[in-house]
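There are 2 protein chains.
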Amino acid sequence: MNKLAYMINRAGRYYAKQTAVVLGDRRLTFAEVDGRSNQLARALIQLGVAKGERVAILLYNCLEYIETDFALIKAGFVRLPLSPRLSPGEYSYMINNAEASTLVFGREFTGIIEQIKGELETVKHFVLVGEGDACFAHPYDGLLSAQSASSVCVDVCDDDPYQVLYTSGTTGWPKGAVTTFRSRLSTLATVLIEEMRVTRNDVMLSVAPLAHGGGTKILPHFVRGAVNVLLPKYSPESFCRTVEKERVTTTWLVPTMIIMLLEYPDLKKFDLSSLKTVVYAASPMPVATLRRALETFGNIFVQVYGLSEAPNPDLLLPKEDHILDGTEQQLRRLQSAGREVFGVRVRVVDAAGKDVPPGDIGEIIITGDNIMTGYWKMLEATAENIREGWLYTGDMATVDEDGYVYIVDRRKDMIISGGFNIYPREVEEVLHRHLAVVEAAVIGVPDELWGESVKAVVVCRPETKVSEDELIAFCQANLASYKKPKSIEFVKELPKSANGKILKRELKKKVLGRLRPHG
Amino acid sequence: MNKLAYMINRAGRYYAKQTAVVLGDRRLTFAEVDGRSNQLARALIQLGVAKGERVAILLYNCLEYIETDFALIKAGFVRLPLSPRLSPGEYSYMINNAEASTLVFGREFTGIIEQIKGELETVKHFVLVGEGDACFAHPYDGLLSAQSASSVCVDVCDDDPYQVLYTSGTTGWPKGAVTTFRSRLSTLATVLIEEMRVTRNDVMLSVAPLAHGGGTKILPHFVRGAVNVLLPKYSPESFCRTVEKERVTTTWLVPTMIIMLLEYPDLKKFDLSSLKTVVYAASPMPVATLRRALETFGNIFVQVYGLSEAPNPDLLLPKEDHILDGTEQQLRRLQSAGREVFGVRVRVVDAAGKDVPPGDIGEIIITGDNIMTGYWKMLEATAENIREGWLYTGDMATVDEDGYVYIVDRRKDMIISGGFNIYPREVEEVLHRHLAVVEAAVIGVPDELWGESVKAVVVCRPETKVSEDELIAFCQANLASYKKPKSIEFVKELPKSANGKILKRELKKKVLGRLRPHG
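Just so you know, the sequences run in chain order A and B.
Oh and the first sequence: position 330 is 341 in the working numbering, straight run, nothing missing.
Oh and the second sequence: position 91 is 102 in the working numbering, straight run, nothing missing.
Bound conformation, chain A alone:
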C-alpha cells in the first residue's frame, strides 16, 4: 500500500477534467498531471531506477517539478530536492553524499551540471527538463512520450524513506535530514487540519522555491481537488498580478516577501480580495511588519514554525491569534510562533532536559511522526540531535502559561558580550519599529574588550534619512543598554537563501571581511 500514491491517483480520477496546476498560460488537468507523473515513474523504472534510490531535483518552480515529485512518490524513490541558488560545489557534495542515482535538472542549470558532472560518482541517469542540448541527459518529454499513462503504485511502508533534505549547514558540510512516508503523511494531515484547511474551491499560489517548505503545500491541495498556481520568481508585481488573475485564495510567503509587498507602491491597484489565507514561515516576522500586514490585508495570516529535521508545521499561530485590538495578552501573542499542531509535541527545556518554567529561556525539542529518522550517513550528528525520540532543534525560546512558544533566537546566533547573552532577534525587533528601517540583521563581531559586540546591518527605505547615531539612540531608548548595537552598517540588501532566509553566516563573513580586510 502506497497511501500517498493512491491519493494522487484518486485526485486524478475524481477531479479528472478540472484544472490542477497553472503556470502562466500553461494549464494541466488533474488527469494530465496524474498521467504524466505515471509516465515519468514508468520511464525511470524502465531505466533501472529501483525503489529507495535517491533522485535529485534541480528545477525552478515549474509543472515538471510537480510531476517529478508525484512520480517519485508513486515509484517509491527518495526525493532529494536541491535549492536553486547553491554553488556547484554544494550540489556535487549533496548528490554524492546522498548517493543519488538520478538527477532531474532544468535547462537553466545545464552549465552547472556539465561543470560538476565528472565529480558525480553515483548518478547513472540525467534527465533534462526543457529545450537544450545536454547529450548526456535524457530529454524529459521524450521519456514521458514513450510510456503509458496508466497508474503506477509501488508498495511502500510508512517507515520507508521519502526524502533527504539538506540543511543549510551552518557549520561544516550540510547534513541530509531523512524523513519517511509517515512524516509526509503526518504533515499532509496537519496542513489540512490546521495550516490551510483546504477545500476544493481553493487556489494555492506557490512562489517560494518548491525545494523548500512552501513546496510541500502542493500535495495537500492536489489531493483535495484544489488548484495549484506556480510562480517561478517572486516579485510584488508578479505576485499581485497572479493573485488577481487566478483569484488566489491561499499562499505561503516568507517575511521578506511580505515586507516587499507592503513596500510595493502599486499594491492598491490590484484586487487581492480573493486571498483568505497567507501562511508565513521560514524566518522571524518582525511584529511591526506583522501589524502593518494585518492592517493592510485583514485577518488572513497564519504563522508556522518548522525545520528540515521536523518538517513544517510544528508550531502554528492561527488567524484567531492575530488580533490587533485585543487584550495585552492577545497583543503579546503576535510575537509568538504559536502552539503545537495536531500530532506533534513541542517542549522548551533546560540543559538538563527539564521543561523550563514560563518565561525562562530554553531549547525547543520536538517529537511526532513528522520528525526525521536521522541524518543521512551521519550517526554521530544524529545522536547529538535526537535523544530518546526527541529532536533537539538548537532554537531557543520561552513558553507562556498557555503553551504559546516565543522564539528567542537560534542558539548559535546568540551574542555573548561582556558575559551577557544577547539574542539578535530582540534587537532586530526594535530596529524594525523605526520607520526608516525596511530590514535589519544583528550579528556579533569580535571585540577585544567585550569578547563580542553587537552590530546591526540595516536596509533603509530609499526616501528616508537616518543616521547611525539616531538608530543607536532609538535602540538605547527601547532596550537594555548592553543590548544596543555598537555600530550600524547601512546596505542596499541583505544576503538571503533561495527561501528568503537572511543568511547570517554569510553576512558575518562579509562584515568581518570588511572589518579585517587582511584577516
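Don't take every hint at face value.
Treat identical chains as interchangeable: a pair holds within one or across any two.
Said to hold, decoys possible - In silico BS3-like links for lysine-lysine, alpha-carbon gap of 30 Å or less: (1) Lys330 / Lys28; (2) Lys62 / Lys365; (3) Lys128 / Lys503; (4) Lys28 / Lys365.
Simulated from the structure, these hints should not be mistaken for lab results.
For clarity, every value in this text was computed on a predicted model and none was experimentally measured.
Given the coordinates of chain A, work out where chain B should sit on it, guided by the hints.
Here is chain B on its own, set in the frame of chain A:
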C-alpha cells in the same frame, strides 16, 4: 506514548479556563473536564482495573459520559458503549460477551442493572452516576473526590484496542466490532480535515446518544478548544432553544431528527443563524427531505457514511455537493453518500471482488486505518467480513465516473419478487416525494405467488388525507410497475433505534405478526 491522552491533557492546559462542555445550566472548563477524567482514571486504576480491560458505559448524554470516555483513553481501558434503549437481555449479553470488568451506569438504569446483576459474570466494579441507592455500586462523585486531578497517561500503542462496539445484530446475537487507538486517531483526523473542520470558535451540539456515531464528535472539538454542548433528549423545541441560546455552529443529526425539525411549526421563531455545519448520517436521507432542508437552512449540510465496523466517516458528501440549482449531474449527487474521505479507500465490487463498472450494483468494501481488527471472540464472522484487509459491508451501491457512491440498500433488506430484485430505498424515495408522507419504510412480506411482495408502512402528516390506492397509484406513476407496493399500512410512528435508525427487522416482525396473527 498515548497520543489521545496527550491531546486531551494538552487541551486541558491550553484552554484551561474556557468553557469546554455545557449541559443545561452546568458548565465545566477544559481544566475541570481534564482533571475530573484524571480523577476517574485514577480511581478505576486504584480499584484494580487494568489496561485493556473492558469498561461498559450505560448513560444518557451527560457530562460524566465525556469524563468517562476521557478517563478510559487515559488509562488504556477499552470502551464498551451501551445504547440506552436496548433490553436487559441485550445488555447482559454484551457485557458478558465482552467480559467487561467494570460498568459505569446512570441512576435511570439502576432498575435494569439490579435485574441483570446476577447474570453479569465478569463485572467486578459497578459505578453509579447520579443520586441513587445501589449499594453494590461505587458512587461516581465519591470515587472522584478521593483522587488527585493530576495527569494520567498510561502508555498504549496504536494497535491496542480502543473500543468494542456492538452492532445492531440483524441476525443472531449482536457482534462486537473491535477498533484500535489507530482507528480512533484516524477518524479524529478525518473529522477535523473533512467532516467538521473544527476551529476553536466552534460550538458543537450533541443530541444523538453518545454511544453512537454522533458521540465521536466530542473529542475532535475538545482537542481543538471548541465548546461541546449536550442535550440528553432530542425534540425540535429543545434543539432550537439550545442552538439559539448557546450559538451552536455545528451539530450531527440523523435524518429523522431533520424531518422532525422541518415539521416543527415554531421553527421560524428561533434564531438558528449560528448553525454553519449540520452533519447527517446513520440512515438514508430522502432527497425530497434534503431539498426542503437546504431550502430552509441553506448550504450547511454534510453527509457522512460509516458503520460500526468502519467508524464514521468513510464516505462524505461535502457542502460543495449540496447544490439545488445546479446541473443535472450536480442534482443527481444529492442522492449520493459522497466519496472516500482522507485515508480511507472505498470500492464497490461484484461477487468476484472486482470493481463494478459505473452504474452497476455491487457491494461496498472498505479499507483504511479506521476499520475494525475483527469481531470480539468471533473468528468466523470476522473472516467472513474482512478479506485481504478489506471490510465487506453488506451495503449495496453503485458508483459513478467521478467516484461518487450511491447506496442502493442493505443487501439483507433487498426484496425478491417474481425473480426481480427490489431495493426498498428506491420505493421509499418515491413515497417521500408525496406531500402527505412524513416517513416511509418498505419491506418484503411473504407472497404465495411472487415469493415476496412489496409492502410500505407510512407515517402521514396529521392534517393531510391520502388513501392507500392514491399512494400506490403515485408509486405506479414514478416506478417500474413490479416495484410499486402491493399494500400500504398507515401508522403513527415507525420503530427506531436510539440512534434514529428505522428498525426494519422489528417492523417486519410487527407487520408479519398482524398478517399472521396465529403464525
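### Query
Going through the earlier hints one by one, which of them does the structure break, listed in rising order?
Number 3 only.
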